[in-house]
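J.: So you can see what is in the structure, the chains are spelled out below.
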Amino acid sequence: MRGTRIGWLGSAIGTALLAAAVSGPASAQDTIKIGALTNLEGPFAVPGLDGHRGVDLAVKLHNGMAGGKKIQILKYSSDATPDKAVAATRKAVEQDKVDIMIGPLSGDEGIAVKNYSKTHPEMVFVNGSSGAQATTLQDPSPNFYRFNTEGAQWMVGLGELALAKGYKKMWLVAEDYGFPYSQVQGFMASYCAKGGHVVKKAWVPLGTKDYSSIISGIPSDVDALLVVLGGADAVNFLNQAEQAGIDKPFIGGSITVDQTVLNYRGKKRESLLGTASAGPMADGIDTPAWKKFVADYKANFKDGFPSPSLFAYLYYINTQAVLLGLDAVNGDLSNKQEKLKAALAKLEFDGPAGHIKLDENRNAIGDTFITEVAKAPDGSFFNKVTHVVHDVSETLGLSKAEFQKMGLGNRDVPSCP
Amino acid sequence: MSAAQWRRAMNSGAGRNAWARPTGASAASPATVARAASAPPAGASVAFGEAIGAIKFRHVVVLLAVLIYPWVATPFFTYQIGGQALALGLIALSLTFLGGYGGMVSLAQMATAGVAGYMVAIFGIAGEAQGGASSLGWPWWIAVPIGIAFATLFATFVGWLSVRTEGIYTIMITLAIGVSFYYLVQQNYSIFGGHEGFNEVHAPIVLGVNFSHAIPYYYLALFWALAGYFFIKYLLRAPFGVALQGVRENARRMNALGFDVTAHRIAAYSIAGVLAGIGGVLMVWYNGRISPGTVGTGPMLDILIIAVLGGMRHPIGPFIGAILFVLVQNFAIDIIARERFNLVIGVVFLSIVLFSPDGLLGLWGYVRTRLQAGSVQLKLRGRNVG
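If you read the sequences in order, they're chains U and S.
The working numbering numbers the first residue of the first sequence as 1 and each following residue consecutively.
The working numbering numbers the first residue of the second sequence as 418 and each following residue consecutively.
Isolated chain S, as found in the complex (with noise of 0.2 Å):
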């Protein structure tokens, strides 16, 4: 199949079909579209009318949860369960907004997330290493916002170069990207520090409370998780989300409506960018050290299984998937044999994708379609996720 083959094949039914939600007011048709996307102030406004709005018993209660959590759970549980799902999610969530909502699946986000992790090691302080690299030592306030610039370059460059191509191009050319990002760190010794890498990259301490530690870690990755996961779903329903779906709907209609697609797309990757930058910094510290292996091509597809794992039809989809992925990585090994153990995490992701393409969501989706079944109503809008 040839390239313009495949993208009239994305543009049609068949692309439709891959990434459409249903049908209904889930503001897909180019239409609606336009409409939201020509009123911006009146759009924006009630977005955030109604997100108050729909500010339900559940979320309070999963709120307190998450909140209440560290103080229940042992450090371990808060540090390495809670704050790694919660700084693997925010980079997988990048990845949902790119791909479940401008169809353009990008495997470059690990790499991107390591641009802002590099970064913070090259510019703030890290250990010394026997490789040869050193880092210039500056405060954290400067090396963190260094660190999210240089990935939202980055993301945008990705973006710039990959914007024109679609479906499984678009994935050869991140993952490509990604790798090239993985050999550079691992071949380069003067700024990147070869194999070794950087160690000692700790979180600051600030007023007194040290980052590091587990509770504090868990409150800052929280705090970053909720701001992306309602920035993503605020912009969902702002006039460029709404476009950007409808770019992923059909590109040719939005262009023929006056859209500029790839600048649309190129924005989409920017702020893909700007969220795995704050989570490769989370990334970063939680790990308190970065080399080769954190961006390889393991992690890379770790953040696509998550995304995949969680659903990508709304923006909590990342952040299940990081914590099933955390838990199945870290518990497997005591489930069977230990030299065995990567065969359940193996069993338990095929199963999940194989009983339900659109994820754990899709699956709770199903769950709930099914103890509904009564109301056809609730029935058709149980299916509206998003």
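Extracted from the complex, chain U is given alone in its bound form (with noise of 0.2 Å):
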């Protein structure tokens, strides 16, 4: 047992844990501690790059202060998994004692820190960019809010201009998680409602690359298609769709016609114009608010991307309801931040793309955009808005009762047939 001698360095190791854990850094009166919470790793470090930068521009743009207290922002790192997402912000708020939470960045990241935040009642909690359902709509938490609209909000609209086009009968294909889910509820909710009918869904996991058994099942008797992929899915899906000869019409997911999509170069690049979709923002909105909101970023941000992306602008109104909120408070956080909870409930602001404000379970109420793939002068292709759906609530226009007889989207919910 002489082994046992190293024990010595195990009790080195306490003392010195013991000595780090006992000094915790002091916290100024004047300084309002804000954590924000991406993804600095793993499959959305880019995007989680451009979420912070949504951050530092929403307090750059209040000159760094709210409330009368200047703001200090702290950035955390998750890899897209809740376990991290959870261990981020617990370090965040226990550790380096953060005043306001702001994150994460995917929806089961976000279902997790919305569980973890109500063992922290007395502090605010702000969604990032997550948009899962039922953060918010399963067993919501009283000190979590979010101010952007959610996945299936976030398609509204486009059931009716799918109906409009005269497409009857549609085949879907999407991945198999969370978001899409929503994506396909938030379609099919008014699709199904007003007579369409989607004949068979077809569920890929994640990364998909190799579609031909998913293409050769399309019926010849569809309309059109409903492409709710992101990324290089979406990149592969249409590639193979085009050699495989479907001449159908898509409808695409709000992340599946995006600036990747628009810009790879295949033959059906073409084809893409006039693709429907709908989103939360749109590259091509047309509003003084909206060309400031990108100029802004422009000139902030000489490494970013050519316009805001949807991460940026997420985390961008998110923050931005923070210090609107703190405003309101005169950055006033006493009493377990009473009075900053209430008034951002009741908190109404016009961020870049349109008026926002909250539902009884602190989810945003805000506008969707409808858009068409349009070709620039330039010859580059962009998101046209050919339609804004105003105040789309979580509950996709349907009443309370109703929505919960429907229940949150997944695989099989909705379905017609």
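Calculated from the structure, these hints are not laboratory results.
C-beta atoms are modelled at their ideal positions from N, C-alpha and C, and glycine is treated no differently.
Some hints here could point you the wrong way.
[Claimed, not checked] Which residues of chain U face chain S? A partial, calculated answer using Cβ under 7 Å:
{"no.": "1", "residue": "Arg90"}
{"no.": "2", "residue": "Lys91"}
{"no.": "3", "residue": "Gln95"}
{"no.": "4", "residue": "Asp108"}
{"no.": "5", "residue": "Asn115"}
{"no.": "6", "residue": "Gln138"}
{"no.": "7", "residue": "Gly178"}
{"no.": "8", "residue": "Pro205"}
[Stated by the list, open to error] Some but not every residue of chain S turned toward chain U, in silico, with C-beta under 10 Å:
{"no.": "9", "residue": "Glu545"}
{"no.": "10", "residue": "Gln603"}
{"no.": "11", "residue": "Gln604"}
{"no.": "12", "residue": "Glu613"}
{"no.": "13", "residue": "Asn616"}
{"no.": "14", "residue": "Glu617"}
{"no.": "15", "residue": "Ser629"}
{"no.": "16", "residue": "Ala631"}
{"no.": "17", "residue": "Asn704"}
{"no.": "18", "residue": "Gly710"}
{"no.": "19", "residue": "Gln746"}
[Unchecked claim] Below, computed lysine to any residue pairings styled on SDA-like, alpha-carbon distance capped at 25 Å:
{"no.": "20", "chain 1": "U", "residue 1": "Lys405", "chain 2": "S", "residue 2": "Gly544"}
{"no.": "21", "chain 1": "U", "residue 1": "Lys97", "chain 2": "S", "residue 2": "Ile485"}
{"no.": "22", "chain 1": "U", "residue 1": "Lys97", "chain 2": "S", "residue 2": "Asn747"}
{"no.": "23", "chain 1": "U", "residue 1": "Lys70", "chain 2": "S", "residue 2": "Asp751"}
{"no.": "24", "chain 1": "U", "residue 1": "Lys97", "chain 2": "S", "residue 2": "Pro492"}
{"no.": "25", "chain 1": "U", "residue 1": "Lys97", "chain 2": "S", "residue 2": "Phe748"}
{"no.": "26", "chain 1": "U", "residue 1": "Lys69", "chain 2": "U", "residue 2": "Leu333"}
{"no.": "27", "chain 1": "U", "residue 1": "Lys118", "chain 2": "S", "residue 2": "Pro492"}
{"no.": "28", "chain 1": "U", "residue 1": "Lys201", "chain 2": "S", "residue 2": "Glu545"}
{"no.": "29", "chain 1": "U", "residue 1": "Lys201", "chain 2": "S", "residue 2": "Leu601"}
{"no.": "30", "chain 1": "U", "residue 1": "Lys302", "chain 2": "U", "residue 2": "Asp378"}
{"no.": "31", "chain 1": "U", "residue 1": "Lys33", "chain 2": "U", "residue 2": "Asp96"}
{"no.": "32", "chain 1": "U", "residue 1": "Lys302", "chain 2": "U", "residue 2": "Leu74"}
{"no.": "33", "chain 1": "S", "residue 1": "Lys650", "chain 2": "S", "residue 2": "Ser687"}
{"no.": "34", "chain 1": "S", "residue 1": "Lys650", "chain 2": "S", "residue 2": "Ile683"}
{"no.": "35", "chain 1": "U", "residue 1": "Lys302", "chain 2": "U", "residue 2": "Pro288"}
{"no.": "36", "chain 1": "U", "residue 1": "Lys405", "chain 2": "S", "residue 2": "Glu617"}
{"no.": "37", "chain 1": "U", "residue 1": "Lys336", "chain 2": "S", "residue 2": "His630"}
{"no.": "38", "chain 1": "U", "residue 1": "Lys60", "chain 2": "S", "residue 2": "Asp751"}
{"no.": "39", "chain 1": "U", "residue 1": "Lys298", "chain 2": "U", "residue 2": "Pro377"}
{"no.": "40", "chain 1": "U", "residue 1": "Lys291", "chain 2": "U", "residue 2": "Val46"}
Join the two chains, each given in its own frame, into one complex according to the hints.
T.: Put into structure tokens, the structure is as follows:
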């Protein structure tokens, strides 16, 4: 048993830990510390970085102050796994003692952080860019606020558009996880109610490369295809559908027809012209507020994207909401932030892409932009706004009872074959 | 190199040097093994007696330190550093036992822990999931034994599949099993809940003590970590452990001496499965949830990193490795530009492995040897960790 001599090392580390544990950083009274959690590693590292840009931009445009106090942003990272998101949030809240927490980035992370927020009812948690329905519809947390609309809300209005275009029967392909479930529900809720039929749904794992068997299963009598895929998955599907000679029109999800897809160089590219999709923002919004937002983004981030991404926008409006809330209460965080919580709950403001207010579950009611792929004079493709649906609620325009009857979107809900 | 050649190489000098302790009384030679194993009761009681006799001042200090720790540390340090390090350390201990003493490096230990975690979520109580999976809602005292039993079965199966391979082939086959498990839980919706997994899998409240709170959780994890640690310490002295180390040193000779090498190895996997299973239950309670990300390739390799960082020569190694790992993971982001913190993590781990192939334990051994260079005898004993 001589070996346990190395127990000394354990005690040395233990002592070091104790020393580190008892010394916490002191927070100055005239500074408000805000933790911002995005992804700086893993599959969403690049969008996550843009999320941080959104936070920085909001603080900068607010002159780094809110409610008469200096705003200090502490950055945190996760790798899109809920475990890491909660670990980073816990460090921010319990170790670094942030006053307010903003984040996280992806849907499942959002559910996990919402559950964690219940263990710290004394402070305010605001969403970053996560968009799972369950975050605010299932067992909501009283101190978790989401000033962005979520995946299902982003698709509202697209179902009516499909019917107006005469697409009575559709086939859909989507990735097999929470966000596409929500997107499909947002589309199908009104599409099914108004007489459309989704004859078959193909759920594919995230990161699928070979779609040949999926494509060969497309029925010949459908009018159009709903494609709710993102990034490389979308490009792969469109390429392979083109090779297989599919000539049906497409309707895209909120992240299907983004810049990465529009700039790919297949022959199918021309046929994407006119493809409809929907989302909480669009590159082609033609309002002064949006143009100012894009100009500010470009001026501040030379290394950023050509125009702010969805993630920059979502983090921006959530941060903006926090700063406006702090202004409204003059930075008063006393009494478990009760004043701030009340102020945020009734906060209404005009973001870069429309008016935003909260419902009773503290989820945003906001605008959804219906877009169509169009060609700019310089030959590049962009999403042109054709229609704006105002004040989209999380129950997708249905009454609460009707929505509860349908339930949250998943593989089988809704259904109208 | 063919499999047969590799096996020969592992059985000859190269393999022995890879895992062997230098020389001396470390119960490594087959002769000692045979003697110890031929008299089980005597061997066991001797081991126990030695264990009691070996309690020294420093052990008391460490024990007191870990017991007092949560009362001095902040809840964050108690839970996220202390609790997590103990749970991860326990899973890594199962790898240290297999790798350091059985000579079988298994990358499937996180998957084994994941099996236990998932079973606790499936049979126990979990929140509603959008993916459609639902748990049975049985009380924890049924769900937890089921979870550990499944983990043990799974580990036995992994062992049964992989014991006939050696060295890099064991690593490959266990990696394949681990990755398959990841894809199974990722793509199966009806049972494992797919991408979303299970939310709100909380530690139970027993006799008014809520084990999801920092201090109770810490003591729960500490109890099982200590139990695992002392169990492995005891086992290594018991005939089975000695025989296992004999198998590691030279499987052919052990075979010739009449030991069933395959059975010993599979049994080692099962035992490691129990440890990893307990660690898995602690892990799912620690996170309060489980999803494929918990058992992905990243966490799978983390367990190997923890075991190697700490050193595989002694059962305390994985716990020391886990403490360092958790500290670095949590605080690297404060040291350097936020976008580059993974660089710090990489550099720390790389430099430890580069400068001390035996991990922190090896580093400690080296420092001690240097300090006590005057005494030749101590110097020799100092290398004899274990």
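J.: For every hint, state whether the structure bears it out.
T.: Hints versus structure:
Interface hint at U/Arg90: satisfied, since its Cβ lies 5 Å from the closest Cβ of chain S, which is below the 7 Å cut-off. Residue-level restraint check for U/Lys91 holds (minimum Cβ-Cβ distance to chain S is 6 Å; threshold 7 Å). At about 4 Å, the closest approach between the beta carbon of U/Gln95 and any beta carbon in chain S falls short of 7 Å, and the interface hint on this residue holds. About 5 Å separates the beta-carbon of U/Asp108 from the nearest beta-carbon of chain S, less than 7 Å, and the hint is met.
Given the 7 Å rule on beta carbons, the hint for U/Asn115 holds: about 6 Å separates it from the nearest Cβ of chain S. Because the smallest distance between the Cβ of U/Gln138 and any Cβ of chain S comes to about 6 Å, under 7 Å, the interface hint for this residue holds. Of the supplied interface hints, the one on U/Gly178 holds, with its beta-carbon coming within about 5 Å of a beta-carbon of chain S, less than 7 Å. For the restraint placing U/Pro205 at the interface with chain S, the shortest Cβ-Cβ distance is roughly 6 Å, inside the 7 Å limit, so the hint holds.
Because the smallest distance between the Cβ of S/Glu545 and any Cβ of chain U comes to about 6 Å, under 10 Å, the interface hint for this residue holds. At about 7 Å, the closest approach between the beta carbon of S/Gln603 and any beta carbon in chain U falls short of 10 Å, and the interface hint on this residue holds. For S/Gln604, the shortest C-beta to C-beta distance to chain U is roughly 6 Å, which falls under 10 Å, so the interface hint holds. For S/Glu613, the interface hint holds, the least distance from its beta-carbon to any beta-carbon of chain U being 5 Å, beneath 10 Å.
Satisfaction of the interface hint for S/Asn616 is found here, the shortest Cβ-Cβ separation to chain U being roughly 6 Å, below the 10 Å cut-off. Here the hint on S/Glu617 is kept, as its CB sits about 6 Å from the closest CB of chain U, short of 10 Å. The beta carbon of S/Ser629 comes within 9 Å of a beta carbon in chain U, closer than 10 Å, and the hint placing it at the interface holds. Annotation: S/Ala631 was flagged as interfacial toward chain U, and the flag holds, the nearest CB pair being 9 Å apart, inside 10 Å.
At about 5 Å, the closest approach between the beta carbon of S/Asn704 and any beta carbon in chain U falls short of 10 Å, and the interface hint on this residue holds. At about 3 Å, the closest approach between the beta carbon of S/Gly710 and any beta carbon in chain U falls short of 10 Å, and the interface hint on this residue holds. Interface restraint check: S/Gln746 against chain U, minimum CB-CB distance 8 Å, threshold 10 Å, status holds. The straight-line distance between the Cα atoms of U/Lys405 and S/Gly544 is roughly 19 Å, inside the 25 Å bound, and the hint therefore holds.
Under the criterion of a C-alpha separation no larger than 25 Å, the hint pairing U/Lys97 with S/Ile485 is consistent with the structure, at around 24 Å. Annotation: proposed proximity of U/Lys97 to S/Asn747 holds, straight-line Cα distance about 15 Å (limit 25 Å). Of the pairs offered as hints, the one joining U/Lys70 and S/Asp751 holds, with about 21 Å between alpha carbons and a cut-off of 25 Å not exceeded. With a C-alpha separation of about 12 Å, the suggested pair U/Lys97 and S/Pro492 falls inside the 25 Å cut-off, and the hint holds.
Restraint check for U/Lys97 and S/Phe748: the C-alpha separation of about 14 Å stays at or below 25 Å, so the hint holds. The straight-line distance between the Cα atoms of U/Lys69 and U/Leu333 is roughly 11 Å, inside the 25 Å bound, and the hint therefore holds. With a CA separation close to 16 Å, the supplied pair U/Lys118 and S/Pro492 stays within the 25 Å bound. Restraint check for U/Lys201 and S/Glu545: satisfied, since their Cα atoms lie roughly 23 Å apart, inside the 25 Å limit.
With a CA separation close to 21 Å, the supplied pair U/Lys201 and S/Leu601 stays within the 25 Å bound. This hinted pair checks out: U/Lys302 and U/Asp378 have alpha carbons roughly 22 Å apart, not beyond 25 Å. Under the criterion of a C-alpha separation no larger than 25 Å, the hint pairing U/Lys33 with U/Asp96 is consistent with the structure, at around 9 Å. A threshold of 25 Å between alpha carbons decides the hint, and for U/Lys302 with U/Leu74 the separation of about 22 Å falls inside it, so the pair holds.
Distance check on the hinted pair: S/Lys650 and S/Ser687 sit about 17 Å apart at the alpha-carbon level, within 25 Å; holds. Proposed proximity of S/Lys650 and S/Ile683 is supported: the alpha carbons are some 19 Å apart, at most 25 Å. With a CA separation close to 22 Å, the supplied pair U/Lys302 and U/Pro288 stays within the 25 Å bound. Restraint check for U/Lys405 and S/Glu617: satisfied, since their Cα atoms lie roughly 24 Å apart, inside the 25 Å limit.
The suggested pairing of U/Lys336 with S/His630 holds, with an alpha-carbon distance near 21 Å, which does not exceed 25 Å. Of the supplied pair hints, the one linking U/Lys60 and S/Asp751 holds, its CA atoms being roughly 22 Å apart against a limit of 25 Å. Annotation: proposed proximity of U/Lys298 to U/Pro377 holds, straight-line Cα distance about 21 Å (limit 25 Å). Of the supplied pair hints, the one linking U/Lys291 and U/Val46 holds, its CA atoms being roughly 23 Å apart against a limit of 25 Å.
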